[in-house]
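There are 2 protein chains.
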Amino acid sequence: MKQQLVVWGILLLSTISVKAQQQQLNLAMGKLSLQFRLNDDGAPEYAVNYNQQPVVKPSAMGFILKEADSIFYKDFVVRGVDSLLKDEAWQPVWGEVRSIRNHYRQVTVHLQQKNYPFRLLDIEFRVFEDGVGFRYRFPQQSQLKYFIVTKELTAFRLTGDHKAFWIPGDYDSNEYLYNTTRISEIDNRKAVAAATDIAVRTAPDPFAVQTPLMLKTAEGLYINIHEAALLNYSSMQLHADRTSFALSASLVPDAVGNMAYLHAPASTPWRTILVSDKAADILNSKMVLNLNEPNVLPTTDWIKPMKFAGVWWEMQVGKSTWSISDRADTTSGDGDLIPNGRHGANTVNVKRYIDFASKNGIRGVLVEGWNTGWEDWFGNWKEEVFDFVTPYPDFDLKELNRYAASKGVELIMHHETSGSATNYDRRMDSAFRFMKAHGYQSVKTGYVGRIIPRGEAHDGQWMVNHFERMARKAASYQISFDAHEAMRPTGLHRTFPNWMASEAGRGNEYNAFSTGSPPEHETILPFTRLIGGPMDYTPGIFKMKGYCGYAPDRQMHTTLVKQLALYVTIYSPLQMVADFPEHYEAHDDAFQFIRDVPVDWDDTRVIAAEPGDYVAYARKEKGKENWFIGAVTDEEKRKMNAPLNFLEKGKQYLATVYADAPDADWKTNPESYVIKQYVVDQNTVLKLDLAPGGGAAVSIKPLTAPAPKTVSKYK
Amino acid sequence: MKQQLVVWGILLLSTISVKAQQQQLNLAMGKLSLQFRLNDDGAPEYAVNYNQQPVVKPSAMGFILKEADSIFYKDFVVRGVDSLLKDEAWQPVWGEVRSIRNHYRQVTVHLQQKNYPFRLLDIEFRVFEDGVGFRYRFPQQSQLKYFIVTKELTAFRLTGDHKAFWIPGDYDSNEYLYNTTRISEIDNRKAVAAATDIAVRTAPDPFAVQTPLMLKTAEGLYINIHEAALLNYSSMQLHADRTSFALSASLVPDAVGNMAYLHAPASTPWRTILVSDKAADILNSKMVLNLNEPNVLPTTDWIKPMKFAGVWWEMQVGKSTWSISDRADTTSGDGDLIPNGRHGANTVNVKRYIDFASKNGIRGVLVEGWNTGWEDWFGNWKEEVFDFVTPYPDFDLKELNRYAASKGVELIMHHETSGSATNYDRRMDSAFRFMKAHGYQSVKTGYVGRIIPRGEAHDGQWMVNHFERMARKAASYQISFDAHEAMRPTGLHRTFPNWMASEAGRGNEYNAFSTGSPPEHETILPFTRLIGGPMDYTPGIFKMKGYCGYAPDRQMHTTLVKQLALYVTIYSPLQMVADFPEHYEAHDDAFQFIRDVPVDWDDTRVIAAEPGDYVAYARKEKGKENWFIGAVTDEEKRKMNAPLNFLEKGKQYLATVYADAPDADWKTNPESYVIKQYVVDQNTVLKLDLAPGGGAAVSIKPLTAPAPKTVSKYK
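So the protein sequences, as listed, match chains D and C. FYI, full-length UniProt numbering numbers position 181 of the first sequence as 181, with every residue one higher than the one before it. FYI, full-length UniProt numbering numbers position 324 of the second sequence as 324, with every residue one higher than the one before it.
Some hints could be false.
Since the list gives no way to pick out one identical chain from another, each pair is judged satisfied if it fits inside one copy or across any two copies.
[Unchecked claim] As a list, the in silico EDC-like pairs of lysine to aspartate or glutamate whose alpha-carbon atoms are at most 20 Å apart:
1) Lys473 / Asp387
2) Lys382 / Asp425
3) Lys74 / Glu45
4) Lys304 / Asp82
5) Lys436 / Asp301
6) Lys473 / Asp425
7) Lys145 / Glu383
In short, the hints are calculated from the structure, not lab data. Quick caveat: nothing in here was measured; it's all calculated off a predicted structure.
Please work from the sequences and hints to get the whole structure.
Quick look at the structure:
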């Protein structure tokens, strides 16, 4: 349904030059509405209301361009307006739900500057039931062909000094702890200075924060600001005006200080604002995904969600090393590196992980440190480190792939680039050919360190384009990938479903090599990092204390049960089973939940949610009748009711509840848990007791035979 | 022969700390000598004498490094001294002579800083009979591993206000006209501002010039300063102090302002100073080549010097276009580009060049504009322009390569990168595979426009490394190349003989698309640009006026005969036969010289030379008894004697003399020439008359039968 909005169009065109400020477009869906107008200067402005109350006050739009005549934010008139109502459903290749409704009203405002050279600019607005999105489009025109964006002026003028869950506006890292402050208190300097565990920090503006930015108003309204479909543009930071509570776009510059190089016809990413009076609606929203383009891959049957084990945590905790050798400049008489005897990716050790994965139905085994380069890879801004095709001599690549295949397991390739994206770009083809020749179907990539091309940033346009190249080229080889130290996710996994997960946030690993992340961390991630897409958080650590050889007092900031719950609360089609096989064997009863929990879902329900405090989900396994619940809390213990009203009416199920024991506490007693089984049905309301820093995990499967005598009905 | 210089060594080590300034190393070869010392600050200094007279006064050496403790130019003591006398000969794969003598004395001074962290620095000096070279070496050491050069302090303190032949110290182009001024008058601002015909100009220092820098003293001494073996480092500019006449190294910075990223063990390029009281010695010098590493390619039999015709000059003069279409944004209903009807690289036209080449024994035919991208390639700093594998629809690549092969001709591939080296890097493998699949053995590359990675420069370290990658990768496919808009040559064709030529200077093409280069230009190039290596100058234009459709008053700045002479005076193993077939057919008698002249030589003699005025060479064809003479003059007419004493004693030869006619003049009557044949021998002295802007070309072949009656003995 596409039609001219005749009335508005005529009104605007006939009167805009006289009293532009009095004319405005209004676009509504449910409780949300969006207003657009040109102000007295012919400058576009938008505003957002929820339940007739302002959420975003009239806010600036437009650009400063590089060219001498650079004003592209005012002196506009409206040439026309198109509108569209869309209501469709689509099925993701993998995801949290089987089918996604995409329901919105759209208005495209066609603007033209009234002065020479009469440049054209379109703004496309979409209003959904749970939020609004808008983007700029630069139509094909002789007046604007190639151009450089110096500044994007998009602002978000908020209505008060909301509570904000933020990380510093860093161009190179999103692996920060979350700060919870009022907007008026945003100042990232301490956070940046303290984050010495982050390899590269570039945060020149003390008052800039990253998106997804989660906000909560004094009236209890939840607001989330992010972007969708970040392609061929740089990432958006938000600069906070601490007195007016206005946020404004601040793009990540390139090596010479430009923000984006565009060629009309072109469009920016979508700027997104989710709004609801229920926190759960933020988590349930599919708006960011909907604003991305549909899948562009011709086939997707080769894309396989999976759990994977791997040679990884043992390096994080100092048990073994990525490199075969401690130093690159110490070699034997033959010029070979002198082995340190602690190399993780050796054939015998990898077979141990393959055996473990095979025994427990885990599809993948990741091996990091398999290839040459690790002996001298970090921190030197060195362009040529890894070639991605040369194994260390103690890693028998052919034999291991043969062995893994014989055990029904596949090895996952690892490509650390050390931030040298140019080197990776040049070697991608040979690396992917090598993978396919040896049976690898997927790869985990890493970008630790300063980016090369030097002067470019992890979240700048050049790297955004690198990741698009990666997604397309990997797909051409039918390779899936999981990118660490990646650009921030914006729902591109709809368009490129082989881009299965990213790190792009502070993962579980920080509990190994740093002092860790506090218990609230996992209650904030779903409202922030995960709004953009799946996170490879690497959950499942079972040895909660004393695991770190070089820092024996280090400990996880969760209970063991909370680690189970993360498989449900932190959505990803790739989930690592991150701990050592022997640590799982020591808690085989709890490990059953990890064996059972799937990574692809038909349905998802948010049971409870409050950013910084708790989240709880129930999810239904793809193609099966099994449900899984995960609930996590912050440092506070918490009671939670989980009504099982999503179960099929009249049907009985066996629920296995993995609960923190009454004496459990993340700090003092994290490995204390109880596992109980009950018969449950649609009317059951599970009462979950979460310890401080704890959680709950429940698997629910249809009863296909009478329950054992020892299992009673849940009361 | 490698030995400890015991006396110097002991003297230095025992007394250096007390009276460092009084101790110095002296290294002599023939008339040249070099002195080295540490001054009172423990700072290294060198000086150069010629015939006991100073050429370079004691001058600074060393570096400022990026790290906090960045002083790497003083506080040194001498740890030891090694010396070496080398006298060897080597045979280039192709070149000006069959065999090259490499004869030098070397001293390596091992320095160490006397303060923590006691870093090591070696300086290697070589003194030849015609010049000196030195380079810095950073030995493997725990005190200095990865490091960044912020500044190189190498200076050349000259002894007076010499005459200098210079072009501006531009990071991105060396296609400037030469300026001839005193050192005290060096100021590149006017030259840079005037050079609007150069696409990218980056010359921030008004007093910086490029190397090779040719100098002449008031006493008639010729001095040439350049560098050799520029690998993994940025190009050196020279900043001129106009009052003290000191030149100092000024490296080309990268995107973030750093000069070089190094990893010890490492070395800088050689800094070279040629000195002689004869201009010819500068042209004869093989020192720059000798300072490069020997050939690293395992086989070289696939590397073929050749002449080539091509679809190229017709685009330069506006007869046809590189692109099939005038505009990228004008397409037919099918989305195809709308042909402009003037596309040069169409199948019919290319066959015409193939026929011409075949008929005249010209091995290669270059075709530019064969591939998609040209419709929108220039000036937009766009990363993805060309894919190097997609022909325009009117270029039948398979048929043309079949046709060329059937005629004994090979097509030369063309890869314009539009400066996007990242894009070329990523596509090199597929481009080279495509070439080999279709019968191409060599490629001409181009880098017109600002470099991508953005912020990098044509002559910076990143591009230097790009060209090394190019040379190695092309060699791995047995592909030879000729790079336009390339980094400045420094003799790397010894190490990578498949890198056969570069443009890297102001070629003949400027007489088409600009107001051209004055007649003196070709008398300066051998003393400047060509010191670094072969230049693809594209000589051989026969239509001297009225050739440029869009600028009918444009004309060549030479006579026709001078165009012939350039095949001898501008050395390259690749020489274009640049004009249209029909223009050669109009002067088929003169064209005989081009048919005859080879591109590979057994011997070379400089007959006469004075920078800015004239040069004349005689060269002996590789593996044959034929000699060829080329002489060129500036805007002055000139008489020149060419003694043929290089001919074999007692043998008679047939000389064909292509001379400017008495009424010839580059400006008014450039196509006026006379061709005469004589019998000559070892005792003959040819008297050559060069018109203003003119030249002379002579082919000399052994008389195998009695000379025709019409040919008399030369008197």
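The hints, checked one at a time:
Within a single copy, lysine 473 and aspartate 387 get their C-alpha atoms as close as 17 Å, and across copies as close as 15 Å, so both meet the 20 Å cut-off. For the homomeric pair lysine 382 and aspartate 425, the shortest alpha-carbon distances inside one copy (15 Å) and between copies (17 Å) are both at most 20 Å. In this homomeric assembly, lysine 74 and glutamate 45 come within 20 Å of each other (Cα to Cα) only inside a single copy, at 10 Å, whereas the closest approach across copies is 62 Å. For the identical chains of this complex, lysine 304 and aspartate 82 are neighbours neither inside a copy (40 Å) nor across copies (63 Å), given an alpha-carbon limit of 20 Å.
Within a single copy, lysine 436 and aspartate 301 get their C-alpha atoms as close as 16 Å, which meets the 20 Å cut-off; across copies the closest is 35 Å, which misses it. In the homo-oligomer, the alpha carbons of lysine 473 and aspartate 425 lie at most 20 Å apart both inside one protomer (10 Å) and across protomers (15 Å), since each shortest distance falls under that limit. Taking the shortest Cα distances, lysine 145 and glutamate 383 sit within 20 Å of each other only across copies (15 Å), while inside one copy they are farther apart (34 Å).
When the structure is compared with the earlier hints, a violation turns up for hint 4 alone.
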